[in-house]
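Visitor: Given next are the chains, with one letter for each unit.
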Amino acid sequence: MATLKYTIAISSDDAFPQAVAFSRTSTLDIDGDSSAIGEREVGTTLESILPTTDTGTVAIESRAFIYIKNDGGSTDNKLIVTVQDGDSDGSSSDADVMQLSGGDQVCFMYKHEDGSAKDVQVKSDTGTAYFSYAFCELT
Amino acid sequence: MAKGSDDITMTLKLEGKDIGPIKLNMQVSKKIAVAGGESGIMSATCSTTGLDIINRAAAGRTFVFIHNTGTTNAIKVQSAPADGSTYVHIATVNAGEFGIFPLTAATVANTKCRLITASGTTSCNYATFEMNN
Chain P
1 MATLKYTIAI SSDDAFPQAV AFSRTSTLDI DGDSSAIGER EVGTTLESIL PTTDTGTVAI
61 ESRAFIYIKN DGGSTDNKLI VTVQDGDSDG SSSDADVMQL SGGDQVCFMY KHEDGSAKDV
121 QVKSDTGTAY FSYAFCELT
Chain R
140 MAKGSDDITM TLKLEGKDIG PIKLNMQVSK KIAVAGGESG IMSATCSTTG LDIINRAAAG
200 RTFVFIHNTG TTNAIKVQSA PADGSTYVHI ATVNAGEFGI FPLTAATVAN TKCRLITASG
260 TTSCNYATFE MNN
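Respectively, the protein sequence lines represent chains P and R.
Take the first sequence: its position 4, counted from the start at 1, is 4 in the numbering used here, and no numbers get skipped.
Position in the second sequence (first residue = 1) + 139 = the numbering used here.
Please keep in mind that the hints were generated in silico from the structure rather than gathered at the bench.
Heads up, some of the hints might be wrong.
Okay, the calculated beta carbon distance ranges per label pair [unchecked claim]:
1. 25(P) to 179(R): 17 to 27 angstroms
2. 33(P) to 176(R): 40 to 50 angstroms
3. 18(P) to 258(R): 20 to 30 angstroms
Note that the structure is predicted; figures quoted are calculated from it, not measured.
All C-beta atoms in this analysis are idealised placements derived from N, C-alpha and C, irrespective of residue type, glycine included.
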């Protein structure tokens, strides 16, 4: 069984009245049908993160672990992330739900409705942005 | 409102086993300015009626960490970036899982994020950091 172990550590000396630091680790079971890691550039037109079939539907059966990082610096263009989720709760519009400044990263579990064309997409707020990404289809 | 030069350091590490043709092993760390003024770390119970974790009368970015500490029910993470009332489903965090989200509400003066279950309740820990950019 393929697995993905991921750890997030957050610390701050001054965001709270006292210093805080915590870390969490979890291990996910990976389906193995679809996974990828890479770097890309994107303009101001939305581009999909996930693979699609010939018929245009997303080749993810249920959930996927998504990781995206804006590879730019603090003065470079921002990366906009939109989510069109297949869940019936909430709108499936492609609203700009997340914005990554240079160096920012996001990881989350995207839930996809099997057979739909809904997707996780990215674009640059202006000009061109460069980003790293990874996704793993979950069981 | 900015109140100073506060920041957090966030480190993400990914270790893959038997995933595709390569061995995934990466670690990324970033110091993030969070001098926007509001931050918090909470433990709470999430249910089908929804738990508002951000409801602030201002546009901007908020960095959110969410950990489903329950054992059964999933948490749906939703925000309302377009108009402050129409929620968009972003992620489904199963029991034991967690995620990080640099949420944005760029054009509406009401930043909202809620956690909701499809059925039953689950416990969760979450942290929010208002960012200054």
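Visitor: Does the Cβ pair residue 33(P), residue 176(R) satisfy 40 to 50 angstroms?
Guide: holds (44 angstroms)
Visitor: Holds or violated: the 17 to 27 angstroms window for the beta-carbon distance between residue 25(P) and residue 179(R)?
Guide: holds (23 angstroms)
Visitor: Please check whether residue 18(P) and residue 258(R) have a Cβ separation lying inside 20 to 30 angstroms.
Guide: Violated - the Cβ-Cβ distance for residue 18(P) and residue 258(R), about 38 angstroms, lies outside 20 to 30 angstroms.
In the structure shown, a violation is registered for the earlier hint numbered 3 alone.
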